[in-house]
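Taken in sequence, the protein lines are chains V and U. Here the first sequence is numbered in the UniProt record's numbering, starting from 1 and rising by one per residue. Here the second sequence is numbered in the UniProt record's numbering, starting from 1 and rising by one per residue.
Hints are not guaranteed to be accurate.
Pairs involving identical chains hold if they fit within one copy or between any two copies, as the list cannot separate such chains.
Derived DSSO-like pairs: lysine-lysine, alpha-carbon spacing no greater than 27 Å straight-line [claimed, not checked]: (1) Lys148 - Lys419; (2) Lys279 - Lys552; (3) Lys646 - Lys492; (4) Lys442 - Lys407; (5) Lys657 - Lys419; (6) Lys675 - Lys368; (7) Lys442 - Lys368; (8) Lys565 - Lys646; (9) Lys651 - Lys442.
These aren't lab readings, by the way, just hints derived from the structure by calculation. Fair warning: this is a prediction, and the values are worked out from it, not measured in the lab.
There are 2 protein chains.
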Amino acid sequence: WIAKPTEKVMATGSHDRMKKAFVAEMKAENIKKFLYNFTRLPHLAGTDENLHLAQQIQTQWEIFGLDLVQLTHYDVLLSYPDKANPNYISIIDERGNEIFNTSLFEPPPPGYETVRNVVPPYSAFSAQGLPEGELVYVNYGRTEDFFKLEREMGINCTGKIVIVRYGKIFRGNKVKNAELAGAKGVILYSDPADYCTPGVDPYPKGWNLPGGGAQRGNVLNLNGAGDPLTPGYPAKEYTYRYDEASGVGLPKIPVHPIGYHDADELLRKVRMHIYSNNKVTRIYNVIGTIKGAMESDRYVILGGHRDSWVFGGIDPQSGAAVVHEIVRSFGKLKKEGWRPRRTVIFASWDAEEFGLLGSTEWAEENAKILQARGVAYINADSSVEGNYTLRIDCTPLMYGLVYKLTKEIPSPDEGFEGKSLYESWYEKNPSTEYKDLPRINKLGSGNDFEVFFQRLGIASGRARYSRNWKVEKYSSYPVYHSIYETYEIVEKFYDPTFKNHLTIAQVRGGLVFELADSVVLPFDCRDYAAALSNYAHIIYNLSQSHQSEVSKYSVTFDPLFSAVKNFTEAAIDFHRRLQQVDISNPIDVRSLNDQLMLLERAFIDPLGLPGRPFYRHIIFAPSSHNKYAGESFPGIYDAMFDIKSKADQHKAWEEVKRQISIAAFTVQAAAGTLKRVA
Amino acid sequence: WIAKPTEKVMATGSHDRMKKAFVAEMKAENIKKFLYNFTRLPHLAGTDENLHLAQQIQTQWEIFGLDLVQLTHYDVLLSYPDKANPNYISIIDERGNEIFNTSLFEPPPPGYETVRNVVPPYSAFSAQGLPEGELVYVNYGRTEDFFKLEREMGINCTGKIVIVRYGKIFRGNKVKNAELAGAKGVILYSDPADYCTPGVDPYPKGWNLPGGGAQRGNVLNLNGAGDPLTPGYPAKEYTYRYDEASGVGLPKIPVHPIGYHDADELLRKVRMHIYSNNKVTRIYNVIGTIKGAMESDRYVILGGHRDSWVFGGIDPQSGAAVVHEIVRSFGKLKKEGWRPRRTVIFASWDAEEFGLLGSTEWAEENAKILQARGVAYINADSSVEGNYTLRIDCTPLMYGLVYKLTKEIPSPDEGFEGKSLYESWYEKNPSTEYKDLPRINKLGSGNDFEVFFQRLGIASGRARYSRNWKVEKYSSYPVYHSIYETYEIVEKFYDPTFKNHLTIAQVRGGLVFELADSVVLPFDCRDYAAALSNYAHIIYNLSQSHQSEVSKYSVTFDPLFSAVKNFTEAAIDFHRRLQQVDISNPIDVRSLNDQLMLLERAFIDPLGLPGRPFYRHIIFAPSSHNKYAGESFPGIYDAMFDIKSKADQHKAWEEVKRQISIAAFTVQAAAGTLKRVA
């Protein structure tokens, strides 16, 4: 721990002393052991093995000392290959004879040859079918890729099978775009350009994806709905289920993923053979609790998923092992008689890989309680997706906390001995928007924080060790969702000493500790104000590429800028009052903390974003244009993006105006929540 | 005040002493003076006169001693007759000559002959037009009336002008039903059978409706949307406005109201002349605040409207005068150094008559704050609609409080000298559902509590002096919304000594006082449990008239009954814990109070009722089948009601099952909010 002298002086005894003890308790060696233990078998959602792991974690968290650890189950729609009828793709000749078939499984990595129940690569929730037809290459399958094909190259995808390379956008969006373009089948493949770093060997010699490896994954378009058959409600015994035809986000055409060796073979005419089945299946979350000493009705949640496509060496177990060590350390302190001020909830989610189902169903079941009592959600999927520097995605409310905390944590990086994590992070990835600060990203989706942040408006954040994005441009780490995600790839290549894992434990655990135990919540509304101002200028600048229409349709951003100004003033005034609060008056502290807790909630519009009822955050939404980012002012952004494709320009611009108005109102209302309460 | 010895012993000094002082301060004579003052001129929403009254009230509330009194304005769609082109209806002969015209105004009552700016009877938001055609009498214009006409009598309304008598359902629903039946115009009239009590003279000799009087009123179908052009958002300067074609709830055909003298004349063929205009108009609420001493971020709201169709002798000024006296009494106590524990907000709403617009826009603007901090809303429209006994509509959470309070208030009724209000109320209107208790009604709509209760889930209640419903079966008091609603009709017939007004001031004021100043919120969740159980049995029994379908489609109410049972157990356990709370621990008290405050919120489904996004309470909704009642389990009820009209019975019953599931989930989740917080 690196603490400046002034911070030491300001330390409030118990809190800082216990934080030190909490951090000192966590060990890299433990995380390593947990990772090893969690990755011996596949833990596919809905399987016995994953239920057994849930039960093991439940038992261990109880032993660690949590007050209560429960399994919560839901019966959700999952999708599995048919063991008797494997999925594959054939090349067919002019007579329809199959002259080549893609592989039915990935060659197992050394040591895992005899492991049973490895699910072969497949696209979960693919439709069944045996379409055959001409193959069209559609690049990444983005909107702009199909535009280019159709408008510039005159290539029509109707009735074709399209082959799409993974990357840039979420695979579910690729499939949706292909469906809209009229395709009757989709082949997803991992291109070496995206999934192999030059000069690096394929696994097991290096950490690149072997040619026989393929990326599993679901191809849904849930937009935050959770279980496709019970949108908006938890998938419990009493819940009404739609039939699959009315389900949310299910693709209507067959989809299958292949590796680059098979992709190289594919010729003009192919036949897909897809026999996967959708099946309502029981899943299990593990929910552990330490009751807060003073405000047991205020919750700080640390959650990450447990289910994996195969061994989950990185995704998710490098995260789950860190959560395990954080729970152990909290439990240790609790056994010694300490409790955090607020309640801490630890969650091991199931079926994240099938559409964030475990977390979403739990949040649906507990929505009222979470909206009333949820202080913050910290996400804990993969701890390492690279070994270069820290990566943080979080609400602007947490910027200050993240910066403060990372200044207290030693950097694990070579060449930064004696320096803080903040220093190495800043040097390796400085912000382009804020001078003299490390980069923090917007929250998008693709992980279990989604329902908490995008639907419920609970302040959220996530932390990982990541790669150098400026140099390594591939779309995720190469072996992502393949059989080669093993314990060994982490132990050999990603983090041999587990020092980066420990750093992530310190960051995630430190965030939880500060959020749960600080008297005044460590949120800064002024940083939200600065972010809003930044986003308002960005969206305004985007509009300026349509200057004549902006003028013709009287589009004005003035109300939005005015609202941001009001918000900024309210935030400054709020923190002025917060400085003066009488800490010995519990109701006054609670009242201000409630304003802080509920600020993120103020950005939720109950009516949701257009056509996306479960994405309700007006400032942030998952981007359908970029897998790796959230969008800011998504309502306005989408309305402006849609202008290109709309025949009725007047109507399209009216929608832009409507969205600006909603954003202005929301920011204005959020400012209102920060004002004096009476 | 009637207090039992034990209650005196239990009195917590200050609270009970101040309550006594608060009640003693209120005088019938003051209410009378305020009513006189408020009824000198018409105060139609959007007029200068109504702005002036807002300013007067603002000034007086400031003088009374409130901390802050502000005008809040909104620019909403209103509707007025065209002064140059009056609306009327003609009888036309076979050649199209107009041989009779309905009257253009009501004969003014004595003393008001020279008052200017009396708006003639009209149906606000009627479409413009001059339809002519055959006249069809459609009774009350209910769904069953049109069914009967079309199915049993073979009368088709397409292309006809329908004449409908007022009563039974909201006039907007009559117009919607007529539109759906294909009518091209609607004439509304007051039938003596509904608006004249036998043996009573028309005003001014008695309180019956004169033959030249007619009932004004809006004919919207807003379903809680507020301003038709800005549904879901406050109608502020920055708000995007839909065009009228996309507005919510606007009728597409001309509508006009007439009295029974004109109705008697109408013959087979008529022509309507409707020139009313819709116009975006500024309206003003008056919002006054007394800041709470301990929990200034908890709000108890007393609100009632100020705008009237003409003089508003009963509606709304008999209510506004009572609010004025309550404000004066609170202000008096405050000037002496006292403050309630929580913040009290007093509201004088504008444009209630045009669709609850003032209250709804204000609640839309402040939704986040109200959801987070709103403890209760007490509605204050007309204090007297009769002089027989008390009428209460409220959330089950308030049953106990209402019973306790009415036992402390002396009965104003003849023959009940020395007895409590509770006793006369119970004797005159006992509950049929709960033995040994007076009747309390469900909250429906038609008044300003709607947005607070049905959209936001804030515990709400209303109190009036009412007629004997068993004897007087007319649909509202006879002169309702006519020019004959004067100060004098109240002073001569309804409440000459203003003792009933004072009683209502004691009830409304007493509710506000107890809600704002009790350490533990005076809500009882066990009464909600009993109500839920009652409603579940009622809806189950309704289903039993379709026993074969219930069996065929496997409809089961078991999950609902099970959820109600869980809720009941949680409520009992909650109140057991509440008994044991350490009153000296402010956080523990606050935490339990938060559970009480948020219980009503737990019944809100963010997805809303089917097709009614702004009615979101799963237990209660305004009934479209009965103007004077709320519906319980409206989702299930509507789905069962719709079965008759659905061709696809399988689908119709699936919807019933879905609605039972949503109700079961909601009750179950509400039970969850009452459990131990960690």
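Hint-by-hint comparison with the structure:
1. In the homo-oligomer, the alpha carbons of Lys148 and Lys419 never lie at most 27 Å apart, since the shortest distance is 49 Å inside one protomer and 85 Å across protomers.
2. In this assembly of identical chains, the alpha carbons of Lys279 and Lys552 lie at most 27 Å apart only when taken from different copies (25 Å versus 53 Å within one copy).
3. With identical chains, the CA atoms of Lys646 and Lys492 are never at most 27 Å apart, being 52 Å at best within one copy and 65 Å at best between copies.
4. In this homomeric assembly, Lys442 and Lys407 come within 27 Å of each other (Cα to Cα) only inside a single copy, at 21 Å, whereas the closest approach across copies is 58 Å.
5. When the C-alpha separation of Lys657 and Lys419 is checked against a cutoff of 27 Å, the pair qualifies neither within a copy, at 49 Å, nor between copies, at 62 Å.
6. In the homo-oligomer, the alpha carbons of Lys675 and Lys368 lie at most 27 Å apart both inside one protomer (24 Å) and across protomers (12 Å), since each shortest distance falls under that limit.
7. Within a single copy, Lys442 and Lys368 get their C-alpha atoms as close as 26 Å, and across copies as close as 24 Å, so both meet the 27 Å cut-off.
8. Taking the shortest Cα distances, Lys565 and Lys646 never come within 27 Å of each other, neither inside one copy (33 Å) nor across copies (53 Å).
9. Taking the shortest alpha-carbon separations for Lys651 and Lys442, neither the intra-copy value of 30 Å nor the inter-copy value of 43 Å comes in at or below 27 Å.
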